[in-house]
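Asks: If you want the building blocks of each chain, they are given just below.
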Amino acid sequence: MSAILTAENLYHRVSTSEGPLTLLNNISLQLARGESLAVTGASGSGKSTLLGLLAGLDKPSEGKIWLAGEEITAMDEEERAAVRARCVGFVFQTFQLLPGLTAQENVMLPSELRGERGAAKRAEAFLAKVGLEHRLGHYPRQLSGGEQQRVAIARAFASFSGDDAILFADEPTGSLDAGNGAKVIDLLFKLNAESNTTLVLVTHEQRLAERCATHLRMSAGAVESYESPTGDDNLSEVSA
Amino acid sequence: MLPLRLLLRDWRGGELALIASALVLAVTCVTAIAHFTDRLTRAMEQQSLTFLAAERVLRSSKPVDSAWLEEADKKGLEQGQIVQFSSMISANDQFQFVSVKAVDKGYPLVGQLEISKSQGGPREIAPQGPPPGEAWVESRLLPLMGLQLGDPIALGDTQLKVTAILEREPDRGTSLFDMGARLLANTADLPAAGVIQPGSRVRYRYLFAGDDQVLKDYFDWLKPQLTEHQRILDLREGQPRVASALDRAESFLFLAASLAVLLASVAVGLAARRYGLRHGAYVAVMKSLGAGRNKILGIYLGQLAALTLIATAIGLALGTFIQSQAVNLMEGFFPVQPPATSWSPLLIGLATGIACALGFALPPLFRLARTDPMQTLRHDWSNPDRREWLGLILGPSAMLLLIWWLSGSLLMTLALFVGMLLLVAGSALVNRLLVRGKLASLGGAWRIALGSLQRRAAFNTLLIAAFGTGLLAMLAMVFARTALVDEWRMQLPEKAPNHFLLNIAPHDVPTMENMLAQGEVSSTEFYPMVRGRLVAINGVSIKEKKDRPGGVRRELNLSYTDTLAPDNRILEGEWWDKTSEGVSVEVELAAQLELSLGDQLRFSIGGLEVEAPVASFRSLDWNSMRPNFYMIFAPGTIDNFPATYITSFYLPPEDKLLVNDLVRAFPSVSVIELDKIIQRIRDTINQVSFAIESVMALMLVAGVLVLIAGVRASIAERLQEAAIIRTLGGRRRLLLRSLMLEFGLLGFAAGLLAAIGAEATLAVLSYWVFELPVILHPVLWLTGPLTGAVLVGTAGTMACYSSISQPPLRVLRELA
Chain A
1 MSAILTAENL YHRVSTSEGP LTLLNNISLQ LARGESLAVT GASGSGKSTL
51 LGLLAGLDKP SEGKIWLAGE EITAMDEEER AAVRARCVGF VFQTFQLLPG
101 LTAQENVMLP SELRGERGAA KRAEAFLAKV GLEHRLGHYP RQLSGGEQQR
151 VAIARAFASF SGDDAILFAD EPTGSLDAGN GAKVIDLLFK LNAESNTTLV
201 LVTHEQRLAE RCATHLRMSA GAVESYESPT GDDNLSEVSA
Chain B
1001 MLPLRLLLRD WRGGELALIA SALVLAVTCV TAIAHFTDRL TRAMEQQSLT
1051 FLAAERVLRS SKPVDSAWLE EADKKGLEQG QIVQFSSMIS ANDQFQFVSV
1101 KAVDKGYPLV GQLEISKSQG GPREIAPQGP PPGEAWVESR LLPLMGLQLG
1151 DPIALGDTQL KVTAILEREP DRGTSLFDMG ARLLANTADL PAAGVIQPGS
1201 RVRYRYLFAG DDQVLKDYFD WLKPQLTEHQ RILDLREGQP RVASALDRAE
1251 SFLFLAASLA VLLASVAVGL AARRYGLRHG AYVAVMKSLG AGRNKILGIY
1301 LGQLAALTLI ATAIGLALGT FIQSQAVNLM EGFFPVQPPA TSWSPLLIGL
1351 ATGIACALGF ALPPLFRLAR TDPMQTLRHD WSNPDRREWL GLILGPSAML
1401 LLIWWLSGSL LMTLALFVGM LLLVAGSALV NRLLVRGKLA SLGGAWRIAL
1451 GSLQRRAAFN TLLIAAFGTG LLAMLAMVFA RTALVDEWRM QLPEKAPNHF
1501 LLNIAPHDVP TMENMLAQGE VSSTEFYPMV RGRLVAINGV SIKEKKDRPG
1551 GVRRELNLSY TDTLAPDNRI LEGEWWDKTS EGVSVEVELA AQLELSLGDQ
1601 LRFSIGGLEV EAPVASFRSL DWNSMRPNFY MIFAPGTIDN FPATYITSFY
1651 LPPEDKLLVN DLVRAFPSVS VIELDKIIQR IRDTINQVSF AIESVMALML
1701 VAGVLVLIAG VRASIAERLQ EAAIIRTLGG RRRLLLRSLM LEFGLLGFAA
1751 GLLAAIGAEA TLAVLSYWVF ELPVILHPVL WLTGPLTGAV LVGTAGTMAC
1801 YSSISQPPLR VLRELA
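Listed in order, the protein sequences are those of chains A and B. For what it's worth, this note's numbering labels the leading residue of the first sequence as 1, then goes sequentially. For what it's worth, this note's numbering labels the leading residue of the second sequence as 1001, then goes sequentially.
Don't read these hints as lab results, they were simulated from the structure. Wrong hints could be hidden among the right ones.
Derived list of chain A stretches under chain B, where covered just means 3 residues or more per stretch with a C-beta under 8 Å from a C-beta of chain B [what the hints assert, rightly or not]:
{"hint": "1", "segment": "8-16"}
{"hint": "2", "segment": "99-107"}
{"hint": "3", "segment": "110-121"}
{"hint": "4", "segment": "211-224"}
To give an idea of the interface, some chain B residues facing chain A are shown, with a C-beta separation under 8 Å as derived from the structure [to be verified]:
{"hint": "5", "residue": "D1151"}
{"hint": "6", "residue": "M1286"}
{"hint": "7", "residue": "K1287"}
{"hint": "8", "residue": "S1288"}
{"hint": "9", "residue": "A1291"}
{"hint": "10", "residue": "I1354"}
{"hint": "11", "residue": "T1376"}
{"hint": "12", "residue": "R1602"}
No residue lacks a Cβ here, since even glycine has one placed at the ideal position from N, Cα and C.
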């Protein structure tokens, strides 16, 4: 299988009032199309920072990233945004739905930002896939937490416009109760399998991480361990 | 059209409505005033030529050299002539003093005469004045003299037939002293009438029209030949007093509008800042969904452009509507009918809308485009970009340029800014005193209110300044036109003369004195009045004197007496005994002319020149309501020149009928009823202040918008505070009282500041404009803080009411 996401020797440092702080320390990884990766670790271990860099939201201080065959670390913000618009979807811990827009309008937003026609129909179809076809005109405040996250999942899948599709999920069950969390995760994995999208999932739940093909555990900005579901040690591909 | 769709979807957020309202307000205010002044200015320009009845006029107090008119004829200029004077006419054994205007066949060169052939009949345009042997009269003359159209009247030694009612003449002046009824006759009848005698006050007007260049060449040739008694009038001088009053009113109105625009811009800035902060999360999400910086900038600039255009269009329409209503309300006040509106006020309104939007709403949107998308992962919505320099420079710069453009005066603009800075400093001080006071010890609601005031010190300073400005302007205006005018009237001496009699012939003086004595009316002395012009000081022509005061640019009323009036005081030099000669000069005019005792003054009176040394400097009391003169001669100097007399007297309202008896007995005498003039001034002030007070009211509305914008910025915080207090057992009534106290105190502070400013403004007006003693106005100190407390208290409580009316559980859940 060809790699859809490759990171090589990533370092990320920020300056603080107490001096420079290293958030990520020499991380490399490679992910094949359709594969799923769970990133776990304690709070402050650098999971979300790694997710942001892999998705092209920011640039690392050092190292290279290839996303869907393009080196995004060599791109400026505008070019990285164009890559995200084409093949990146996000699901956030706190849903990040725009409160002034209805469920349908929130799902329409990625298509509208790409300037596509038929955004409303497309959004309706994705909302039907997550079982919210009856909630199209509802505002986020009129939806439960579980429903809001389902709208966010629909929006994430509406973000893809080509064959290369990679979904980044940041603690998607972090704001939900156990019951709703399980439903949302089931839905996420189901749609992922149906669409053959690649999944990068940041979580602190071991049970959830176990549902992914590969599992990267982080500590203090570095890779602590790597496990594949088959028990193979692929550390040749993921080095610390 | 993604920006427009997002704009419509986001309208419910509230900030956009607030930005739009503030923009509408600023544009409405400026457009209305721009329309109003533009229409009146253009009306003045268009009508100035009509006021002259020609393109240029040569005015003279005696007939001009006929060679001058022949030269104009040679150059192909059109000409007309007017001879104007006051005279007595008689008909049916009735006598009446009238203002005679004799015209030749050239009159009018510009504008139209309107006449009617029966009382109340249709008006018709007359291309020329009446033919020889005929007269046209104002309609009020007919019942006064029992005349019918077709009846003869006697003007001096000639008979004229009244053939039409004069409805309108283009060049009828608006002077308060042009009071006699008009009789329009032909100049060909004047020699036979024999009414123009030496000493008669006659004004000759020679009218010219033609090609601009030919006119210019002709007047360039004529100018060096003119004497002190002759003057050229052109477009600028058609109505100079009205034009300069209009200029001043325009500057003042635009300055007041600028304040409203400034406040509205602050509201735009506050709302846009809040909008920018709230949309930080939106933009981070949109960026994570693939929107680049340019895309985000495009979306928000598109939204701002659409919002600005819509709000500006509404403001332009509202401003146009309001000014049309204002012009209708003020109909009759201005001597001309304002022409239709033009495009330039709309451009001014559009520029105002764009300047407000760009200056104050753009910087937060630029910051918005720089939002870091990683915020979506960090769950941190504080705006890390603290570079607000763009906002600090762009907003004030845009306002500075706009106000400079509107007011046309850099000095006034800078003064306004310095004034605003002082006001903000004063507001900060008042706010500090307020929260540092011992009011918190008064109990629960006071403690909550003062706590809130303390936490929002910066916003409160802004609010006090905003409302302080609006209230200050409003209080100063209302008190200036009511209290000051009343104070001026009250400080006049009791039984100060309230009637003036002018144009009294010397032989009528003894009879009139008797008549006044019989009516038990005590008049001031009868002063002789001779018209003359100061032409030289110590042999140097007055024309060479730069900055010569207005008083000596025209003819002066000169007088002579051996008795010093009771309210006149000699400050320097000596009042004359029976043998001395000279002239006593009013001290302020003497200072302006830089005169010294003994300086030789040369006067031109009826073409003859008279010289006299300065014998004394004299102060006088203009408020005494007695006849006063800049120049009083010693008896024997100008006694031989033809003179008329003037006097003044007090007449209680119940004896008003005596005025009718006087007019009947002395038809040539002009009576000025001061109480009517004061009423006319009062009416004029009331009409003009309507326009100004409307702008002040808009300033207060702008203040309310600032308040709403500021409250919205803190609403989430207020919701949380209220929810926590209610969860801990606080009752809604307590919170309501604390809100009323918080905003009531702010309004009180703003009103107090406004009262201080208004009192200072009134003191300046009293001292320099009305020349009254400076006094305190206790009502002002009560009205200001009370109005502020009620206005801001009500508006603030209403704007915040939602923060205490929602169930606390829901609030805490939503905020969590």
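Asks: With reference to the structure, classify each hint as holding or not holding.
Replies: Verification of the hints:
Counting residues of the segment 8-16 of chain A whose C-beta sits closer than 8 Å to any C-beta of chain B gives 0, which falls short of three, so the coverage hint is violated. Residue count for the segment 99-107 of chain A with a Cβ under 8 Å from a Cβ of chain B: 3. That meets the three needed, and the coverage hint holds. Counting residues of the segment 110-121 of chain A whose beta-carbon sits less than 8 Å from any beta-carbon of chain B gives 5, enough to reach three: the coverage restraint holds. Figure legend: the segment 211-224 of chain A, annotated as covered by chain B; annotation inconsistent (0 residues with Cβ-Cβ distances under 8 Å, at least 3 required).
For D1151 of chain B, the suggested interface contact is broken, since its CB lies about 83 Å from the closest CB of chain A, more than 8 Å. Here the hint on M1286 of chain B is kept, as its CB sits about 7 Å from the closest CB of chain A, short of 8 Å. A distance limit of 8 Å between C-beta atoms decides the matter here; for K1287 of chain B the minimum to chain A is near 7 Å, and the interface restraint holds. Checking S1288 of chain B against chain A: minimum C-beta separation of about 5 Å stays under 8 Å; hint holds.
Taken as an interface hint, A1291 of chain B checks out: its beta carbon lies about 5 Å from the nearest beta carbon of chain A, inside 8 Å. Contact between I1354 of chain B and chain A, as hinted, is not supported at the beta carbon level, the nearest pair being about 26 Å apart and thus beyond 8 Å. Nearest Cβ of chain A to the Cβ of T1376 of chain B: about 6 Å, under the 8 Å cut. The hint holds. Proximity of R1602 of chain B to chain A is violated relative to the hint, the smallest CB-CB distance being about 83 Å (cut-off 8 Å).
Of the numbered hints listed earlier, those contradicted by the structure are 1, 4, 5, 10 and 12.
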